[in-house]
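We have chain A; now place chains B and C onto it with these hints.
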Amino acid sequence: MERVIQLEKVNKWYDDFHVLKDIDLNVQKGQKIVVCGPSGSGKSTMIRCINRLEAHQKGQIVVHGTELTNDLKNIDMIRKNVGMVFQQFNLFPHLSVIDNISLAPIWVKKMPKKEAEDIAMSYLEKVKIPEQAQKFPGQLSGGQQQRVAIARSLAMNPDIMLFDEPTSALDPEMIKEVLDVMIQLAEEGMTMLVVTHEMGFAKTVADQMIFMDEGKIVEQATPDEFFNNPKSDRTKLFLSQILNH
Amino acid sequence: MESYFVRKLIFDEKSRSLLIQTLVIGLFALFIYLIAQQTAYNLEKRGISSGFDFLNISAGYDISIRLIPFTSEDTHLRAYFVGLLNTLMIAVCGCFLATIMGFLVGVIRLSSNWLFRNIAYVYVEFTRNVPVLLQIILYYSILLHLPKIKQAIEIFDGFFLTNRGFFTPSPIFKEGFSIVLCSFIVAIIVSIFIKRILKKKQEQTGKQYPIFYINSALIILTPILFYYIMGRPLEFDTPVLKGFNFKGGMVIRPEFLGMLFGLSIYTAAFISETVRSGIIAVSKGQREASQALGLKNNLVMRLIVIPQALRVIIPPLTSQYLNLTKNSSLGIAIGYADLVHGFGGISLNQTGRAIEIMLMVMLTYLTISLTISLFMNIYNKSVQFKGNA
Amino acid sequence: MTAFSNQSLMRNKYYSWIIKNLFSSWVNSLMTVVAIIFIYEVGTFFLNWAIFGADFRTNFRGELITDRTLCSKNISPGEFGACWAIIYARWDQFMYGFYPIEQVWRVNFVYVLLPLAIIGILFDKLPFRKYFIYFTFIYPFLAYFMLYGGPGLSVVGTNKWGGLLVTLFLGVTGIGLAFPLSIVLALGRRSKMPIVKSLCVVFIEFIRGVPLITLLFTANVMLPLFLPDGVNPDNLLRALVAVTLFQSAYMAEAIRGGLQAIPRGQIEAAQSLGLNYWQTTRKIILPQALKIAIPPIVNTCIGLFKDTSLVLIIGLFDLLGIGRAALADMTWTKLYYEVYVFISLVFFIFCFGMSRYSLYLEKKLKTDNS
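Heads up: the sequence lines are chains A, B and C, in that order. With my numbering, letter number 53 in the first sequence gets 53, and the count goes up by one each step, no holes. With my numbering, letter number 259 in the second sequence gets 504, and the count goes up by one each step, no holes. With my numbering, letter number 276 in the third sequence gets 910, and the count goes up by one each step, no holes.
Some hints could be false.
Unchecked claim - What follows is a set of in silico ranges between Cβ atoms, one per label pair, in the way DEER data are often shown:
(1) A:I242 x B:L355: 50 to 58 Å
(2) A:G189 x B:S627: 58 to 66 Å
(3) A:G189 x B:I270: 21 to 29 Å
(4) B:N363 x C:A962: 32 to 40 Å
(5) B:I270 x C:Y911: 14 to 22 Å
(6) A:D22 x B:K253: 25 to 33 Å
(7) B:S627 x C:F860: 38 to 46 Å
(8) C:F775 x B:S627: 48 to 56 Å
(9) C:Y768 x A:D207: 24 to 32 Å
(10) C:V836 x B:D402: 50 to 58 Å
(11) B:F457 x C:G891: 33 to 41 Å
Claimed, not checked - To list a few chain B residues with every Cβ distance to chain C over 10 Å, as calculated:
(12) I255
(13) S415
(14) E480
What the hints contain is simulated information worked out from the structure, not anything from laboratory work. Yeah, the Cβ is synthetic: ideal placement off N, Cα and C, and Gly gets one too.
The shape of chain A in the complex, shown without the other chains (with noise of 0.2 Å):
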């Protein structure tokens, strides 16, 4: 199995606060991983590292083979190759639908326009929103933005997507619709990264299962091992408060 991305005792501080403690990570092609702890763990600052949203200072992070650093080359090739797809959508509420998917093909890829529009309207079709491709973000439902974006980070065609709580600024009846979408993505065999307190979809689709506390990998274990027959108390702590209400 190929290795795609690679964390080595990766730490990270904000001033004085020790936000990311020796983490290690192997993640390999077709992996699909679900990151899961409470906020303030630090699991959306790992995968913001991983795309250099935010910068390491200790430690090595390592994708497709090449190691990040401070080489703007680098960074813009693995950003090139890892999607990314927020908690608040991101999209930009200038550009229309289509223009917001085209837009990162047209200038990064150099395509030529009516080609980058034609992918934009094979992944709107994908995430089944094709009949919105003319309107602007804001007359769209939160479901719908969320697809939008994870159609624009797939049209840059990468070979890794980062999720960072893609469901938690949405109505709890436009989750599904989401979810759905990354489903059908993890079948198609994408390498995945979740940020997410959905343990219904970690459930269906993880490889493995990740929880972080206080800056910490806590545990790593398979679905089945990790909802069933948690070895930490804190763990334990965890899945108890979020599956029992």
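Then chains B and C, alone, in the frame of chain A:
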């Protein structure tokens, strides 16, 4: 190896930023160097000497509006201070008048009477959309159209309006007046203590005291009392028409009045807008909530609306003060001897030291602006701190 | 029947409006009376002065007014009305300065095309907006050629320019040149590079800390000292340099406000898609930031437009300078109010128009976002 080095230089985030900054500062230094060299060459060619020694030679011109004595024999440095004081004087008087007018108009803009509201609106739109320079010149020419001294308009006993200015009685301080003044200052200090003590008492016992009335009485009555005890040590010298001019008293020149009216009428329009939006910002809901708590109307204004509105009003108000101070440099258009007109204009023409003089003038304004901004920032921080606590 | 009830309803509406806004209490009623008297007194005085009792081209005896002694108020002591003849007599100067009268069509041509050059920027839903924007970029070169002259057109030096032409030239060109500069300054002020950032901060705060008149003086006196012999910018160009630098600092602050309003997530999303700094800035940040910043930008433009009047202090003849020149002329002297009221009106029309536009944009921005 070399390509690795180049790559590291151009694509490494830190070294790229260092490279760009080195380039920027290099270009900037080159720019300054070229200008400095060219200027030195040009100055030499035109036979203009440089340096600040001119400050010590006598200015050779007179300044009619001055707060400290000045004759044409005095130095340029003294002319600078006369100008600076005149700038500060018009700025302070202008801000004072503009604040009063601005608050008044701002409140009228929110009046329940439609006509009053719209008269104020018309005033605001007409004054703020016409250049302040034009207004200064206009008011100045109105002042110059007042009757000549022979036909002076006497508005009160001893107060005369003429085209040469506004003649008023001048105070003469006799022995003992300083004691009256001291008593006034002491009264203010005492009143602050009284306020603190009574506030503490109110917090402990819940009983409310008429602090405002007690202190007002204290501050007003104490100096009056001392004034009579000291045998009325203040007299007025009333201007009297003798021949072609007034003798005695003092005169406020039309240049000053023109500046004062121009600056304050213009700035008041802007201040009234900030006052209006500040009061509106303290939403109706806030007022209703506090009325529901059973606070009386004037207490609502004092405890809820005004403190919150002030917090919103003060930052833009300060920037209006800054604008007024900067606009006071327009005195040159009507001959008000401020910093720019006297020192920056006449001294410059006489000595030819353009660079030195403009530098001094600009740095002075910069110092005034930065001082005001500094106090502004301190105030903002203290307000924000309270907001978070 | 319904017509009647509608009518009475309407009357009722007016009636309750009047009660609420004019006579809600006895204090309010008193205020209404005072206000009506005030409006009546001021209004009749002003209208009598400006219109009913005023001379336009002829005096009350029907003679054409060619100098101030022929104004009605200077003939008969009972007359006090304005004497607008000065505006008619000096109209060409107010509009074109000392531009050769046979060449004035060139200025008119530029005036007429100005709205076409601006309209594309002002309204984003304009049909054929693209072509208007193209024209906006061509216009400055066209206008320069028409005004200054060149191959095929005789040269008219800027010392011949004056009046509204100078006011508009300084205002429009100053704003146009300051705009790109202010974007650079605003971006520089938010840069992570300390040297770039501090240079921008010092520049912006210095310019904002000193009065425009000192910058005009500096440009006027010192620009020739800074430059080599061959390069000697004329007075108008010197003023333009000062005005542009001045405006760019204020505009940069307005744009900075817009930049601050863009959520961090926008930048992150663009970065995560692989867009570099310039692409992110050009495609994502600036379009959004400028849209938010336009109302405050327009407000700085109003300020600048008014401030162009300061150039009279360094000896240029803008609208106000031409007015002062007219008053200095012995044939027309002393007609202060006529001249200043007329110039005020011109400034008012431009500035009030701009402030209405800024309000319209603010309202539009609010509805767009909700």
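Against the structure, the hints come out as follows:
For I242 of chain A and L355 of chain B, the Cβ-Cβ distance of about 53 Å falls inside the hinted range of 50 to 58 Å, so the restraint holds. One distance hint, 58 to 66 Å for the beta-carbon pair G189 of chain A and S627 of chain B, holds here, with the actual separation near 59 Å. For G189 of chain A paired with I270 of chain B, a C-beta distance near 52 Å fails the hint of 21 to 29 Å. Separation of N363 of chain B from A962 of chain C is about 38 Å and conforms to the stated range, judged on CB atoms against 32 to 40 Å.
I270 of chain B and Y911 of chain C have their C-beta atoms about 20 Å apart, which keeps the hinted 14 to 22 Å range intact. A beta carbon spacing of about 28 Å between D22 of chain A and K253 of chain B agrees with the range 25 to 33 Å that was offered as a hint. S627 of chain B and F860 of chain C have their C-beta atoms about 44 Å apart, which keeps the hinted 38 to 46 Å range intact. Between F775 of chain C and S627 of chain B, the C-beta spacing of about 53 Å keeps the proposed range 48 to 56 Å intact.
Checked against the hint of 24 to 32 Å, the C-beta distance between Y768 of chain C and D207 of chain A comes to roughly 56 Å, which is inconsistent with it. At about 56 Å, the beta-carbon gap between V836 of chain C and D402 of chain B stays in the expected band of 50 to 58 Å. At roughly 40 Å, the beta-carbon separation of F457 of chain B and G891 of chain C lies within the given 33 to 41 Å, and the hint holds. Once the 10 Å rule is applied to beta carbons, I255 of chain B is consistent with being away from chain C; the minimum gap is 13 Å.
With a least beta-carbon separation of about 31 Å from chain C, S415 of chain B lies farther than 10 Å from that chain, consistent with its non-interface assignment. Distance check for E480 of chain B against chain C: the nearest CB is about 39 Å away, which clears 10 Å, and the non-interface claim stands.
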